[in-house]
Amino acid sequence: MSPLLRSILSPEFGFAVLRVMTPLLFAALGVAISEMAGSINIALEGIMLVSAFTGVVVSAYTGSLVIALLAGLIAGIILAAMLGYFHLKLKADIILAAIALNMFASGITIFLTFIFAHDKGTTSSLRSLVFPDIHIPVIKSIPILGEILSGHNILTYGALLAVALYYIIIFKTPLGLRIRAVGQNPDAAESVGIDVNRIKLYALLLSGFFGAFGGLYLAMGYVSWFARDMTAGRGFIAIAITTLGGYLPIGTFLASLLFGTVNALAIYIASLQIPSEFVSLIPYLVTVIVLAVYSVQARRKKARKPTKAKEAV
Amino acid sequence: MDKFILKYFNLIRTIIAVAIGITISVFIIYVMSETPGLTLRTFLLGPFLSKSRVANIIESASPVIFCGLAIAVAFQAEQFNIGAEGALFIGATVGTAFAVSTHLPIFIHIPLTLLVAGIVGACWSFIPGILKAKWEASELISSLMLNYVAYFLGLYLINYHFRDKGAGYLVSYKLPETAWLNQFIGGTRIHWGIILSLTFAFLVYYFLYHTTLGYEIRTTGFNLRFAKFGGINVFKIIILSQVISGFIAGLGGMTEVMGIHRRFNWQLSPGYGWDGIVVAIIGRNHPLLIIVASLFLSYLSIGGQVLNLLTDIPSEIIVVIQSIIILLITAEAFLSQWKYRITVREAAKKEVAYEPTS
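Chains as they are written, first to last, in my numbering: chain A, 1 to 313; chain B, 1 to 358.
Hints may be right or wrong, so weigh each one.
[Stated by the list, open to error] Under the rule of at most 20 Å between Cα atoms (straight-line distance), these lysine to aspartate or glutamate pairs were calculated in the EDC-like manner:
hint, chain 1, residue 1, chain 2, residue 2
1, B, LYS134, B, GLU177
2, A, LYS89, A, ASP187
3, B, LYS350, B, GLU136
4, A, LYS301, B, GLU136
5, B, LYS228, B, GLU78
6, A, LYS120, B, GLU34
7, A, LYS120, A, ASP229
8, A, LYS89, B, GLU332
9, B, LYS236, B, GLU332
10, A, LYS120, B, GLU136
11, B, LYS165, A, ASP229
12, B, LYS228, B, GLU332
13, A, LYS140, A, GLU12
14, B, LYS339, B, GLU78
15, A, LYS89, A, ASP195
16, B, LYS236, B, GLU78
17, B, LYS174, B, ASP164
18, B, LYS349, B, ASP2
19, A, LYS91, A, GLU12
20, B, LYS3, B, ASP312
21, A, LYS91, B, GLU136
22, A, LYS302, B, GLU78
23, A, LYS91, A, GLU190
24, A, LYS91, B, ASP2
No lab work stands behind these hints: they were computed from the structure.
All of these numbers come straight from a predicted model, not from anything done at the bench.
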């Protein structure tokens with residue numbers, strides 16, 4: 001067996017997949033919930049950046065994880081609220097507004113990194129905290145499964161719980177019902193007295209909530225510092241994930257798992273004698289391919305449907 | 001006065017947005033800087049204080065104009081292809097590879113190299129185009145992802161095949177002199193690429209507003225269904241608008257290599273594609289306004305660079321200003337109340353004027 005294959009079949013690989021998947025899953029849930037309400041949110045990139053930065057700086061200055069967590073969440077939600085304000089209230093195109101907010105987030109975090117850490121690249125001169133790893137008592141001792149599932153950062157488990165939370169919000173709460181109603185047909189929703197803009201705003205805020213966790217994990221779990229533009233397109237990959245997963249909890253989870261696996265593979269392949277550039281481009285290329293394949297499939301399904309309907313008649 | 005405001009409302013609105021963006025940055029500088037007066041003067045007047053800096057503004061506007069035009073053509077067709085950055089990068093790398101490995105007389109070498117870069121950029125943008133036109137795959141996501149792919153692929157090409165190992169860092173071999181765009185003003189780096197970018201702006205303007213194809217692009221962007229019913233081949237337009245966009249971006253990237261650096265030396269993606277989005281929005285996708293917006297943007301970024309060199313404020317402040325300006329410009333409801341009131345007042349005036357005759 002080749003060394004690469006052996007390392008891919010090892011439990012460490014499974015562990016890496018979950019680790020790499022975590023920020024993607026959070027971001028994807030963020031995209032999915034706004035998408036459920038009918039507005040595409042491509043500002044997750046910015047949301048994750050401001051949360052990551054805020055979390056690191058606040059943790060360095062207060063020494064408290066809880067305060068850092070709260071601050072990070074608030075920062076992410078504020079950015080989402082800005083998107084909501086400009087899109088829903090000031091009628092800006094949501095894509096352009098999100099592009100602007102991503103730029104804003106990138107610029108302001110680099111700007112403030114320089115102010116706080118006197119370095120434009122990273123905040124590594126700050127002593128920031130990280131979220132703890134957790135070893136799950138029973139699972140830990142199961143031979144292979146334990147090695148894959150136990151010992152992760154608390155936020156990795158948080159991401160899995162977030163899938164459940166997303167399910168509950170969307171399918172088990174009145175808010176979720178409204179979000180779906182607004183997403184499917186805003187006019188119909190309005191006709192029964194739902195304040196469409198308000199529901200869309202709530203969905204965007206929740207989007208910021210999920211995305212903020214992703215950012216916090218990146219800077220305070222995945223690594224222990226903030227680096228400029230450290231999200232590296234994850235907020236955009238998340239859009240491809242949700243397209244693939246159909247905005248549903250399980251679909252989003254499985255699609256995140258797929259992209260996590262690809263990303264982890266890219267890391268593992270780096271040990272081979274392949275130019276590092278090729279390794280780095282794999283996740284992005286795969287995203288395009290997956291998007292293309294998915295779109296072809298979706299198109300075929302669409303094309304098939306009307307004929308079926310005719311047959312039924 | 002009211003009539004004047006109504007006529008130039010969009011322009012006035014843009015200027016107000018710009019003013020607000022700058023005001024906010026002035027405020028930030030005032031709070032953050034230990035020497036606010038000096039910092040502000042450096043930032044706002046610094047770009048004009050020497051000949052070389054003024055030249056810098058013009059030099060760095062050129063690639064931004066190209067990218068702004070590229071983005072505008074796609075945006076006019078309502079295609080959110082933001083792949084100018086990738087098309088520019090891959091176009092410039094392959095163009096460099098071509099220029100370095102061929103020996104031709106100057107009057108063939110220059111246009112051929114530019115053409116190669118443009119075509120590579122066009123092919124690159126064809127991918128999101130065909131995916132969108134044929135299968136409705138979001139061109140936003142695919143073009144964005146392809147930006148990253150272009151970046152790594154381009155770096156690979158330079159790093160493994162055209163790297164000048166004599167230089168201490170990752171750069172390509174120097175282009176042969178037959179592929180140089182001349183710098184024609186002594187003491188500056190102002191080169192023919194700038195003239196080319198201006199020419200392109202007029203060409204794109206003519207194309208969009210005075211040809212059938214341009215009309216079809218704008219109509220498709222304005223209302224896809226209407227375009228379809230009107231007999232416009234929307235499939236073709238969707239692809240074409242993005243291919244043209246990629247062509248302009250690729251060519252623009254190459255002029256920068258041929259005119260300024262004379263070798264490929266971008267270790268990071270240069271970000272002109274993103275600046276292109278900014279100027280396309282500020283210039284409302286109008287090719288001629290994009291020239292103005294690009295000059296303004298590079299004035300800001302030179303100001304940012306000077307700021308970085310001479311004061312305690314990092315240059316990223318200008319990214320913050322840019323984003324605020326874009327947010328305000330894209331916010332349709334921003335100042336719309338004001339416009340509404342003036343329109344009503346104007347209408348009321350007219351009514352009064354008509355009264356005696358009735």
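Right, here's what the structure says about each hint:
Between B:LYS134 and B:GLU177 the CA atoms are separated by roughly 43 Å; this puts the pair beyond 20 Å, and the hint is violated. Between the alpha carbons of A:LYS89 and A:ASP187 the distance comes to roughly 18 Å, so the proposed pair stays at or under 20 Å and holds. Of the pairs offered as hints, the one joining B:LYS350 and B:GLU136 is violated, with about 48 Å between alpha carbons and a cut-off of 20 Å exceeded. Note on A:LYS301 and B:GLU136: the hinted pairing holds, with a Cα-Cα distance of about 13 Å set against a maximum of 20 Å.
Distance hint between B:LYS228 and B:GLU78 is fulfilled; the C-alpha atoms sit about 14 Å from each other, no more than 20 Å. A threshold of 20 Å between alpha carbons decides the hint, and for A:LYS120 with B:GLU34 the separation of about 19 Å falls inside it, so the pair holds. Using a Cα cut-off of 20 Å, the hinted pair A:LYS120 and A:ASP229 holds, with the two alpha carbons roughly 11 Å apart. This hinted pair checks out: A:LYS89 and B:GLU332 have alpha carbons roughly 9 Å apart, not beyond 20 Å.
About 30 Å separates the Cα atoms of B:LYS236 and B:GLU332, which puts this hinted pair outside 20 Å; it is violated. The straight-line distance between the Cα atoms of A:LYS120 and B:GLU136 is roughly 40 Å, outside the 20 Å bound, and the hint therefore fails. Taking the CA atoms of B:LYS165 and A:ASP229, the gap is about 30 Å. The hint is violated against a cut of 20 Å. Distance hint between B:LYS228 and B:GLU332 is unfulfilled; the C-alpha atoms sit about 27 Å from each other, more than 20 Å.
For the hint linking A:LYS140 to A:GLU12, the alpha-carbon distance of about 14 Å falls within 20 Å, and the restraint holds. A C-alpha spacing of about 26 Å is found between B:LYS339 and B:GLU78, which places the hinted pair above 20 Å, so the restraint is violated. Proximity of A:LYS89 to A:ASP195 is assessed by CA-CA distance (about 13 Å); at most 20 Å being required, the pair is judged to hold. For the hint linking B:LYS236 to B:GLU78, the alpha-carbon distance of about 14 Å falls within 20 Å, and the restraint holds.
For the given pair, B:LYS174 sits about 8 Å from B:ASP164 by alpha-carbon distance, which is consistent with the 20 Å threshold. Annotation: proposed proximity of B:LYS349 to B:ASP2 holds, straight-line Cα distance about 11 Å (limit 20 Å). Of the pairs offered as hints, the one joining A:LYS91 and A:GLU12 is violated, with about 48 Å between alpha carbons and a cut-off of 20 Å exceeded. Restraint check for B:LYS3 and B:ASP312: not satisfied, since their Cα atoms lie roughly 45 Å apart, outside the 20 Å limit.
Restraint check for A:LYS91 and B:GLU136: the C-alpha separation of about 25 Å exceeds 20 Å, so the hint is violated. For the proposed pair A:LYS302 and B:GLU78, the alpha carbon gap of about 23 Å is over 20 Å, so the pair is violated. For the given pair, A:LYS91 sits about 18 Å from A:GLU190 by alpha-carbon distance, which is consistent with the 20 Å threshold. Restraint check: the Cα-Cα separation between A:LYS91 and B:ASP2 comes to about 24 Å, which exceeds 20 Å; the hinted pair is violated.
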